[in-house]
Amino acid sequence: MNNEEAKFILRAYRPGGEDAQDDAFAEALAQVRRDPELARWFAQESALDAAIHAQLATVPVPRDLKAAILAGRKVVTPPPWWRRPVSRAASVAAVFATLACIGFVGLREPREAAADFKRFNSDLTDYVGARYGLLFSPKLATANMGYLGGLGSGLHYRSASIEDIRHWLAENSGHGDCVFPARLKDHPSMGCGMLDWRGRRVSLVCFQVGPSLPKDKVYLVVINSTDLPDPPTNAKMRFKEHGEWASATWRSGEFVYLLMGHGDREALGKYF
Amino acid sequence: MHDLDFEQVVSAYYEPLYRFALSLSRSEADAGDLTQQTFYIWASKGGQLRDSSKVKTWLFTTLHREFLGSVRRQGRFVHHELGSVEGELPVVEPDAVRRLESAELMSVLMQVEEPYLAPLVLFYLGGHSYQEIAKILDVPPGTVMSRLARGKDRLRVRLTDHFEETEHKIVPLPKQRAG
Chain A
-10 MNNEEAKFIL RAYRPGGEDA QDDAFAEALA QVRRDPELAR WFAQESALDA
40 AIHAQLATVP VPRDLKAAIL AGRKVVTPPP WWRRPVSRAA SVAAVFATLA
90 CIGFVGLREP REAAADFKRF NSDLTDYVGA RYGLLFSPKL ATANMGYLGG
140 LGSGLHYRSA SIEDIRHWLA ENSGHGDCVF PARLKDHPSM GCGMLDWRGR
190 RVSLVCFQVG PSLPKDKVYL VVINSTDLPD PPTNAKMRFK EHGEWASATW
240 RSGEFVYLLM GHGDREALGK YF
Chain B
68 MHDLDFEQVV SAYYEPLYRF ALSLSRSEAD AGDLTQQTFY IWASKGGQLR
118 DSSKVKTWLF TTLHREFLGS VRRQGRFVHH ELGSVEGELP VVEPDAVRRL
168 ESAELMSVLM QVEEPYLAPL VLFYLGGHSY QEIAKILDVP PGTVMSRLAR
218 GKDRLRVRLT DHFEETEHKI VPLPKQRAG
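Sequence order for the protein chains is A and B.
Numbering-wise, this note's numbering puts 183 at position 194 of the first sequence, and it's gapless, one number per residue.
Position in the second sequence (from 1) plus 67 gives the number in this note's numbering.
Simulated from the structure, these hints should not be mistaken for laboratory data.
Nothing false has been slipped in among the hints.
A few chain B positions that, by computed beta-carbon distances, are all more than 12 Å from chain A:
(1) LYS121
(2) THR124
(3) THR128
(4) LYS202
(5) ASP228
Computed beta-carbon distance windows for the label pairs:
(6) B:GLN75 with A:GLU7: 17 to 25 Å
(7) A:GLU160 with B:PRO207: 32 to 40 Å
(8) A:ASP166 with B:SER169: 46 to 54 Å
(9) B:THR227 with A:PHE(-3): 18 to 26 Å
(10) B:GLY136 with A:SER150: 18 to 26 Å
Cβ-to-Cβ under 10 Å is the rule here; a few derived chain B residues that face chain A:
(11) GLU95
(12) PHE190
(13) ILE200
Think of the CB as a built atom: it goes at the ideal place given N, C-alpha and C, for glycine as much as any other residue.
Throw the hints in and build the complete structure from the sequences for me.
Right under this line is the structure:
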């Protein structure tokens, strides 16, 4: 191995020495010990790497990013127990437990009591608010939350055409046949996505209702009414105001809807 | 373990993940979204991971895939294959790097072109080995070594350019006449 080959390999060597035991570096490190010129180069290279590593480790991270990530956790639940990987012993134990209990509890997994309309409302408003830039929560609403306004990878599909959105939702087990508020359809859609809320599929569609982003975005969330134990019983709109934003919920046919946007109830009401 | 440790996993990795996302997307907004999306996927699927020592690689791999997916959807993925850096490489002193603001250094780093940028960022920011980088980026280990070597050359050139530009911006004040 000549010095040029050794340098090529050693440029992948981490400055903290974590790779000292990696065989791929053994020969090059041996060359360093033999050749003072190479040793000098390696010392300079490692010092520069260490300086760059240390400086980059202090690049500021948005103060509330962690809070936003933890808020997003609410929308995701672990897979049901029958889909989780289990050990052989646990499987056997589960079979015996099931047989023992079968006469008492029946075969059907009871619906999770907490996943009701109220929970749907609060979880989804928290999640969409934190993730998509509707800054409503006092805990999250700080000047440093501007980064949430960007859509980035947040939506699974982007299109300004509502027909494209419907098509994508239909193809992805979403709510492609939902009924959009009449005047919301006058605005271009920005995209859509699918969420997993406590094991239920939820569709999310984003509309751009003005020139100022992220403020001029409105989000529509749709869930099957059968996925809620207590869906609203009629089409009556329920508005809620939270400082600078508002939400509206209603039921139409087999779906329950949640609309969120900046402004008060009047601002939101103009989309119906 | 997965349920109990979600917050712990977030605490341990959200900062390096965000910095990795920032270097890839070059946008704070997109970096925040990518980081959140990664933990969203972790919350959904991370429980399938049995080996806790692989959490870090899993998260970085997922974030990188999400990034590639998002740029493909937006149709803005441009792959530049550039020639090697010509001429003798400039010397960059570690002290000069230490005098830079971290955000300034990050902006210089982000000037390095793909496919050299991602391996460099994982090396410097994530502290990953070349083998881990190979898994995250789904390329052979030899390719990672090659990209690290070339990427470091490019970073050195960018840093030197940056130092020269900064130097030229500092204009000494005219000397005051005595008396």
